[in-house]
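Using the sequences plus the hints, can you model the full thing?
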Amino acid sequence: MIQEQTYTSKSSLKGKVAVVTGSTQGLGEATVRLFKDRGCRGLVISGRNEERGQQLAKELTTTSCTAIFVKADLENLDECRNILCVADETFGSLDILVNAAATTDRGSIWDTTPDDYDRIMNVNTKAPFFLMQDAARIMEREHIEGSIINISSTASYGSMPMIAAYGMSKGALNVATKNFAYSLMWSRIRVNALAIGQMDTPGEDEMQRRLHCNSDSDRRNWKESAERKQPFGRLLNTEEVARCIAFCASEESGMMTGCVIDFD
Numbered sequence: 001m002i003q004e005q006t007y008t009s010k011s012s013l014k015g016k017v018a019v020v021t022g023s024t025q026g027l028g029e030a031t032v033r034l035f036k037d038r039g040c041r042g043l044v045i046s047g048r049n050e051e052r053g054q055q056l057a058k059e060l061t062t063t064s065c066t067a068i069f070v071k072a073d074l075e076n077l078d079e080c081r082n083i084l085c086v087a088d089e090t091f092g093s094l095d096i097l098v099n100a101a102a103t104t105d106r107g108s109i110w111d112t113t114p115d116d117y118d119r120i121m122n123v124n125t126k127a128p129f130f131l132m133q134d135a136a137r138i139m140e141r142e143h144i145e146g147s148i149i150n151i152s153s154t155a156s157y158g159s160m161p162m163i164a165a166y167g168m169s170k171g172a173l174n175v176a177t178k179n180f181a182y183s184l185m186w187s188r189i190r191v192n193a194l195a196i197g198q199m200d201t202p203g204e205d206e207m208q209r210r211l212h213c214n215s216d217s218d219r220r221n222w223k224e225s226a227e228r229k230q231p232f233g234r235l236l237n238t239e240e241v242a243r244c245i246a247f248c249a250s251e252e253s254g255m256m257t258g259c260v261i262d263f264d
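Read in the numbering used here, the sequence shown has 122 at position 122, and its numbers run on one by one without any break.
Rather than coming from a laboratory, the hints here were simulated on the basis of the structure. Quantities reported herein were computed from a predicted structural model and do not represent experimental measurements. The beta carbon of each residue, even a glycine, is placed where N, CA and C say it ideally should be. Among these hints, one or two may not hold up.
Unchecked claim - Within a straight-line C-alpha distance of at most 16 Å, the following computed EDC-like cross-link-like pairs (lysine to aspartate or glutamate) qualify:
hint: 1; residue 1: K14; residue 2: E145
hint: 2; residue 1: K126; residue 2: E79
hint: 3; residue 1: K14; residue 2: E50
hint: 4; residue 1: K229; residue 2: E252
hint: 5; residue 1: K126; residue 2: D73
hint: 6; residue 1: K71; residue 2: E50
hint: 7; residue 1: K71; residue 2: E51
hint: 8; residue 1: K229; residue 2: D264
hint: 9; residue 1: K126; residue 2: E75
hint: 10; residue 1: K126; residue 2: D116
hint: 11; residue 1: K126; residue 2: D115
hint: 12; residue 1: K14; residue 2: E251
hint: 13; residue 1: K178; residue 2: D262
hint: 14; residue 1: K126; residue 2: D78
hint: 15; residue 1: K58; residue 2: D37
hint: 16; residue 1: K14; residue 2: E252
What the hints assert, rightly or not - The calculated label-pair distances, taken between Cβ atoms and stated as ranges, are:
hint: 17; residue 1: M255; residue 2: E79; range: 32 to 38 Å
hint: 18; residue 1: D115; residue 2: Q230; range: 18 to 24 Å
hint: 19; residue 1: C259; residue 2: L235; range: 21 to 27 Å
hint: 20; residue 1: T61; residue 2: P114; range: 39 to 45 Å
hint: 21; residue 1: S108; residue 2: C259; range: 25 to 31 Å
hint: 22; residue 1: E142; residue 2: E51; range: 29 to 35 Å
hint: 23; residue 1: R243; residue 2: S108; range: 30 to 36 Å
hint: 24; residue 1: W186; residue 2: M160; range: 33 to 39 Å
hint: 25; residue 1: R81; residue 2: K14; range: 27 to 33 Å
hint: 26; residue 1: D264; residue 2: V175; range: 17 to 23 Å
Pasting the structure below:
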């Protein structure tokens, strides 16, 4: 007989340690904030903005939650792997890894350079691969039934020609998600991905204003224009996606593994 378990949103991650990349802004920041509210005892914030990262770590640290910041440019593999080293040294265990960091640099099949391609693949595919590898080693060593969540994109299905290499990198991440899930299921480590659509983040705002707007009016109104084209009349917001990440990270999602969830 399967024992029924009950969960409350405020305690679904109680006592857990989580690493979230790209967490000094946008979706990553929304995720660490929610994880803290849902009971995590340890949070590793990572990104390139040291001032913002340290400020956020200080803000989220309480008597029941310790948050630290690890500066890392995921294009640099040594910096990337240092994130899990510091997490292990600080907390001695790991329950959750969220690969939220990414570069969304534009480039079509016609104008993507080899340097563009390498940078996108290093950040969006190579870094998550080795972060998952290092996370799984800690989880297996400590006999933790952990959860890994990769943030992918609906662009992985090939529908956006102006971000060809980005879409390819996220398609590879989808395959890695399923492969790691299969490889780790006997260790009871779950791996899932969210393929998200266009989301209202500081990074998206900067990219739209810099690359896709031709006038001051366009820069002021790009979001309203984009939202009018959406079936639900708006872009995704970071808080709703963070809630789905928390669901995948917690025992609420049960044995679910190897899934790529379209969230658009």
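Can you let me know if the beta-carbon spacing of D115 and Q230 is within 18 to 24 Å?
-> Distance hint for D115, Q230 is violated at roughly 33 Å.
Would the pair K14 and E145 pass a check requiring their Cα atoms to be no farther apart than 16 Å?
-> 14 Å, holds
Is K58 within 16 Å of D37, Cα to Cα?
-> Given pair K58, D37 holds - Cα atoms ~15 Å apart, limit 16 Å.
For the pair we were handed, K71 and E51, check the Cα-Cα distance against 16 Å.
-> 10 Å, holds
Taking only the CA atoms, is the gap from K126 to E79 under or equal to 16 Å?
-> 13 Å, holds
CB of S108 to CB of C259, is that within 25 to 31 Å?
-> 30 Å, holds
Starting from K126, check that the Cα of D115 is at most 16 Å away, please.
-> 15 Å, holds
Between K229 and D264, is the straight-line Cα distance small enough, at 16 Å or below?
-> Holds: K229 and D264 sit about 13 Å apart, inside 16 Å.
Given the proposed pairing of K71 with E50, does the C-alpha separation stay at or below 16 Å?
-> 6 Å, holds
Compare the distance between the alpha carbons of K126 and D73 with 16 Å, and conclude whether the hinted pair is satisfied.
-> Since the Cα atoms of K126 and D73 sit roughly 12 Å apart, the hinted pair holds (cutoff 16 Å).
For the pair we were handed, K14 and E50, check the Cα-Cα distance against 16 Å.
-> Not satisfied, since the Cα-Cα distance of roughly 27 Å exceeds 16 Å.
Taking 30 to 36 Å as the hint, is the beta-carbon distance of R243 and S108 inside that range?
-> Distance hint for R243, S108 holds at roughly 34 Å.
Checked against the numbered hints given earlier, this structure breaks hints 3, 4, 18; the rest are met.
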